[in-house]
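Please construct the entire structure, taking both the sequences and the accompanying hints into account.
Chains as they are written, first to last, in this note's numbering: chain D, 1 to 494; chain E, 1 to 201.
Any given hint might turn out to be false.
Below, a sample of chain D positions facing chain E; criterion: calculated Cβ distance under 10 Å [as the list claims (entries may be wrong)]:
no.	residue
1	V221
2	W259
3	G291
4	E365
Read the hints as simulated data drawn from the structure, not as lab findings.
Yeah, the Cβ is synthetic: ideal placement off N, Cα and C, and Gly gets one too.
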Amino acid sequence: MSRTFLGTPAFPEAARAALADPQLRRNLAHATGTIRGKRAAVVSELEETGEWEQLRLAGAAIKDQTLLHLDEHLVALEESLVAAGAVVHWARDAEEACAVVASIAHGHGFDEVVKIKSMATAEIGLNEALAAEGIAAWETDLAELIVQLGDDLPSHILVPAIHRNRAEIREIFLREMAGAGRPAPDDLTDEPARLAEAARLHLREKFLRAGMAVSGANFAVAETGTLVVVESEGNGRMCLTLPEVLVSVVGIEKVVPTWADLDAFLQLLPRSSTGERMNPYTSTWTGVTPGDGPQEVHVVLLDNGRTRALADEVGRQALRCIRCSACLNVCPVYERTGGHAYGSVYPGPIGAILTPLMRGVGEDEQVDSLPYASSLCGACYEVCPVLIDIPSVLVDQRAQVVDARRGQVSHVGEAAAMKGAAWAFGRASRLGAVERATGLAGKFLGRRRVDPGGRGVVSRLLGPGGAWSEARDLPAPPRESFRAWWRRTNGADT
Amino acid sequence: MNDARTAILERVRGALHGTERAAAPVPRDYRTNPARRPVRPDLLDLFVERVEDYRARVHRCTPAEVADTLATVLRRRRTVVPDGFAWPVPQPVPGAGLTAAELDRIPAVVTTATLGVATTGTLVLTHGEGQGPRAFSLVPDVHVCVLPADRVVLGVPEAVAALDPHRPQTWISGPSATSDIELDRVEGVHGPRELHVLVVT
Ligand code: SF4
Numbered sequence: 001m002s003r004t005f006l007g008t009p010a011f012p013e014a015a016r017a018a019l020a021d022p023q024l025r026r027n028l029a030h031a032t033g034t035i036r037g038k039r040a041a042v043v044s045e046l047e048e049t050g051e052w053e054q055l056r057l058a059g060a061a062i063k064d065q066t067l068l069h070l071d072e073h074l075v076a077l078e079e080s081l082v083a084a085g086a087v088v089h090w091a092r093d094a095e096e097a098c099a100v101v102a103s104i105a106h107g108h109g110f111d112e113v114v115k116i117k118s119m120a121t122a123e124i125g126l127n128e129a130l131a132a133e134g135i136a137a138w139e140t141d142l143a144e145l146i147v148q149l150g151d152d153l154p155s156h157i158l159v160p161a162i163h164r165n166r167a168e169i170r171e172i173f174l175r176e177m178a179g180a181g182r183p184a185p186d187d188l189t190d191e192p193a194r195l196a197e198a199a200r201l202h203l204r205e206k207f208l209r210a211g212m213a214v215s216g217a218n219f220a221v222a223e224t225g226t227l228v229v230v231e232s233e234g235n236g237r238m239c240l241t242l243p244e245v246l247v248s249v250v251g252i253e254k255v256v257p258t259w260a261d262l263d264a265f266l267q268l269l270p271r272s273s274t275g276e277r278m279n280p281y282t283s284t285w286t287g288v289t290p291g292d293g294p295q296e297v298h299v300v301l302l303d304n305g306r307t308r309a310l311a312d313e314v315g316r317q318a319l320r321c322i323r324c325s326a327c328l329n330v331c332p333v334y335e336r337t338g339g340h341a342y343g344s345v346y347p348g349p350i351g352a353i354l355t356p357l358m359r360g361v362g363e364d365e366q367v368d369s370l371p372y373a374s375s376l377c378g379a380c381y382e383v384c385p386v387l388i389d390i391p392s393v394l395v396d397q398r399a400q401v402v403d404a405r406r407g408q409v410s411h412v413g414e415a416a417a418m419k420g421a422a423w424a425f426g427r428a429s430r431l432g433a434v435e436r437a438t439g440l441a442g443k444f445l446g447r448r449r450v451d452p453g454g455r456g457v458v459s460r461l462l463g464p465g466g467a468w469s470e471a472r473d474l475p476a477p478p479r480e481s482f483r484a485w486w487r488r489t490n491g492a493d494t
Numbered sequence: 001m002n003d004a005r006t007a008i009l010e011r012v013r014g015a016l017h018g019t020e021r022a023a024a025p026v027p028r029d030y031r032t033n034p035a036r037r038p039v040r041p042d043l044l045d046l047f048v049e050r051v052e053d054y055r056a057r058v059h060r061c062t063p064a065e066v067a068d069t070l071a072t073v074l075r076r077r078r079t080v081v082p083d084g085f086a087w088p089v090p091q092p093v094p095g096a097g098l099t100a101a102e103l104d105r106i107p108a109v110v111t112t113a114t115l116g117v118a119t120t121g122t123l124v125l126t127h128g129e130g131q132g133p134r135a136f137s138l139v140p141d142v143h144v145c146v147l148p149a150d151r152v153v154l155g156v157p158e159a160v161a162a163l164d165p166h167r168p169q170t171w172i173s174g175p176s177a178t179s180d181i182e183l184d185r186v187e188g189v190h191g192p193r194e195l196h197v198l199v200v201t
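Next comes the structure, spelled out in structure tokens:
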């Protein structure tokens, strides 16, 4: 089973460890650079016509309207699902959601399930919870398989094994596949095609015998009860089609009002995510279809902190997120630290706001350090297909962290804390200038950042985190002067 | 779980308390953008070009040539044939009642498609007549899809508007693929590793 993120050190220390790993940095730089290039090419097709901006505005507006009437849409979704033959469950938190899934498996006497990669099931720690109930959860996405067999943690929303190279993957397969089912062939090479073939054979055995699958969903249509899963490999189709029982764990923010609304998201998501005009496979299903696919369909509607995020007027826009991961790939902090440093299933810029929004600030150092895991360069906002203003939410979250921690410890003085903050933001704005000069936001193709300039940025980037980690037990400066200071320095440097 | 339902709905209402909830119209001009026409005069050319972009193989043929083209593509492979599929194949296996394990031992499948989407090079199956249940176009390693040219629409908005959400759908854009290993694209992981599209004009 994959390990969880419990006990991960706060971002600055974790980031420092990641930065010390040159292999990880090389893999990340290659991966994020490749995806950026592909994305830029297919997005520019629609930018030239003005469609991209129109799609982003529509995507953001649909999600906003849905969130503002979330209660009504959830009730409508439930009605449509039930009318289509699905069973609807509600889960306030991770524990309730895991219990629902486990009890469905137990009810059928299943001791294993196949799984499609899903942020929601990772967030609730479903695999570990099922293991504790004696149920094996087999990840079927190639990257998740690599992560699971390697007893590792995913580092990226889209390509969770981005931190592993082909030689490492070959070794993991040779060593671990036999223990989990069909072994890897002895003559396995590190050719990606051969590695994929080994995974195909290993997993096909599991698809054919599995009685139950667990998925997430990219979208849930309130009007019709239709669920949508977008994927590349076909493991999703296998899970959604072959087992008799299907359980989908769906965050309550995944609802969209109408079927017609999908015409915006099915353009935004693949282009923004994998940099394709369309991903290889998209599956939609509406409850049970007699004679085709699972004959018992469950949907678990999950809160687990989403309503907390919804209550935050500045932060609620984070719930528009369609998990495309574009913001990760343009983030200078992420490119250098990878996802593990964020200590959450949601890494990168979106994780830096979503995790504190969903879990609340002022209680956990790791969570409180996340809003500082950014240089505020704004690249994430520029690429976000649903226009989430991540930098503004980060700034607001920082203020909330400061508020929550006010008066928690001693009185070393405002000046020291301000010094740390000034250091961070002073460099942050300078970093923004560096990124603009190297064209991070605009021309991604062919950029290789192993230059000394890149390293210079890193060492400066680490500073703010380090400064914060030293300063975080100090009394915080008053919110007003903090904001006044922010406005002034930001204005001066840009 | 009823408690959870009540609690979540109450939390949602609480979270939105005091927020202006008046409906604002969603701007839909992405559907009517004047630039939304095929970049080439022929919608079909665009479709073919985009399907080939995914390294799927496209064969253009007339209705009279479909059977021969199928025979050329399928060779002597045993082929799952769904109910309602109108053309002959060399080694047919009637699809009705096949289990997944049985499908796994048959190398090829033929289906029709409900729609083709030109700008994205996508086939949409809705798993009725001529297409069979979802497992048919998934488990065998070679998928040959016959698409009448008049079923090609311009883009995603036209496709979504034409499709019935109550039918299960599979949108297929090229053969299955992964980029999970160092971002190297590998065709064919779990779905069919070979995709042929016969465009019938
Ligand atoms: S915040 Fe925006 S860019 Fe980042 S994953 Fe979500 S939708 Fe994509």
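Hints, one by one, checked against the model:
For V221 of chain D, the shortest C-beta to C-beta distance to chain E is roughly 7 Å, which falls under 10 Å, so the interface hint holds. A hinted interface residue such as W259 of chain D counts as satisfied when its beta carbon comes closer than 10 Å to some beta carbon of chain E; here the least separation is about 4 Å, so the hint holds. Taken as an interface hint, G291 of chain D checks out: its beta carbon lies about 6 Å from the nearest beta carbon of chain E, inside 10 Å. With its C-beta approaching chain E no nearer than about 26 Å, E365 of chain D sits outside the 10 Å limit, and its interface hint is violated.
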